[in-house]
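Participant: Build the full structure now, drawing on both the sequences and the hints.
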Amino acid sequence: MARIIDGSAKNMVGDNIRQLRIKKGMSQQALSNKLEMLAIYICRGSISRIEDKQRTVTDIELYGLAKVLNVPVEALFSFPAEGESE
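Throughout the sequence shown, residue numbering follows our numbering, covering 98 to 183 in sequence.
Incorrect hints may appear among the rest.
To be verified - Each computed BS3-like pair below joins lysine-lysine, with the alpha-carbon atoms no more than 27 Å apart: (1) Lys121 with Lys164; (2) Lys120 with Lys131; (3) Lys164 with Lys120; (4) Lys107 with Lys150; (5) Lys120 with Lys107; (6) Lys131 with Lys164; (7) Lys107 with Lys131; (8) Lys121 with Lys150.
Just so you know, the hints here were simulated from the structure itself, not pulled from any lab data.
As the structure is a prediction and not an experimental result, all values here were calculated from the model.
Facilitator: See the structure below:
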């Protein structure tokens, strides 16, 4: 079966998650804590690995990340992040 993502990157959203998190003035730990309030358990280290594209992201995690970052899920995939300039 062909992979959707070639190379070593394991997700397409890491850069935008980092960018949106920083724009909100949120640390990785704060993001982890807010996700936990939605019963989505991603530790701070896993958020770091997601942002570095070293970890895959499940659909429920994408939903929670979008909700906590207050953006539509599609914004996690846009290039650059929706409303952001390069």
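Participant: State for each hint whether it applies.
Facilitator: Hint by hint, here is what the structure shows:
For the suggested pair Lys121 and Lys164, the alpha carbons sit about 13 Å apart, so the restraint of at most 27 Å is met. With a CA separation close to 16 Å, the supplied pair Lys120 and Lys131 stays within the 27 Å bound. Between Lys164 and Lys120, the direct Cα distance comes to roughly 15 Å. Compliance with the 27 Å bound is thereby established for this hinted pair. A hinted pair counts as satisfied when its Cα atoms are at most 27 Å apart, and Lys107 with Lys150 qualifies at roughly 5 Å.
At roughly 23 Å between alpha-carbon atoms, Lys120 and Lys107 fall within 27 Å of each other, so this suggested pair holds. The hinted pair formed by Lys131 and Lys164 meets the criterion: a straight-line CA distance of about 10 Å does not exceed 27 Å. Taking the CA atoms of Lys107 and Lys131, the gap is near 23 Å; set against the 27 Å cutoff, the hint holds. The hinted pair formed by Lys121 and Lys150 meets the criterion: a straight-line CA distance of about 20 Å does not exceed 27 Å.
Checked against the numbered hints given earlier, the structure satisfies every one of them.
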